[in-house]
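Asks: Let the sequences and hints guide you as you build the complete structure.
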Amino acid sequence: MSGDMKVKGGAREMSISAVVTRADGTVEDLGIVSYWHKNPLRRLAVKLQRLFPKK
Amino acid sequence: MAAQVQNLGLGMFTAALHAYASRPKYLQWGEGSGQGVTDTAVDAVGTTTEARTDGTSSQQTTTTTNDTYRVTGTITAAGSRAITEVGVFDAAGSGSPPTGGNMGIYGDFSVINLASGDSIAFTINVVLDQA
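So the sequences go chain by chain: A and B.
Heads up: the first sequence begins at 173 in our numbering, then just goes up one per residue.
Heads up: the second sequence begins at 389 in our numbering, then just goes up one per residue.
Possibly wrong hints are sitting among the right ones.
[Said to hold, decoys possible] Pair by pair, the computed Cβ-Cβ distance ranges are: (1) A:214 / B:392: 18 to 26 Å; (2) A:197 / B:479: 31 to 39 Å; (3) A:225 / B:479: 36 to 44 Å; (4) B:448 / A:211: 34 to 42 Å; (5) B:391 / A:200: 41 to 49 Å; (6) A:220 / B:488: 16 to 24 Å; (7) A:195 / B:392: 48 to 56 Å; (8) A:191 / B:453: 23 to 31 Å; (9) A:217 / B:498: 32 to 40 Å.
[What the hints assert, rightly or not] A few chain A residues that don't get close to chain B, going by computed Cβ distances all over 12 Å: (10) 183; (11) 190; (12) 213; (13) 217; (14) 226.
These are computed hints drawn from the structure, not numbers from a lab.
Just so you know, even glycine gets a beta-carbon here, dropped at the ideal spot from N, CA and C.
Replies: This is the structure:
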């Protein structure tokens, strides 16, 4: 997946989502590109969701 | 004995951040990765000469009312780019690529390749919690 975020200071989770718009107007919604949750199981779950998206 | 931040307190903290004149809301992207919590700039601006975008900050609800500080903003590529990181700063900075200000939020990700005129709309969420 995406990279890791460094999260300190009391945050429970952080996420970065990205939507790319090409110069010709094509839109690509990349969804969550970077994610961190203080619960490692939650981090793993999101990583797996990105690796195996529902169709 | 209890020592805790109340649910309403989470909203107070994000409200204070959202009202703070020097809150992190200026987005700058880069072509590096792996910045630590003490770093004050994105890792590698490389050829990314674009000015920082003055993003829009807001309070949002993820689990508890107003527990989330959100920044959104779009950066448009002025040339071919291989974007792998984004930082959120408290000032627009100056120069090309821009420098200055303090980086309050940072994240890196798998490369997003762009051609001139392509843009990325970022949505960055910071969710607070009592523990």
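Asks: Are any of the numbered hints broken by this structure? If so, which, sorted upward?
Replies: 4, 6, 9, 10, 11
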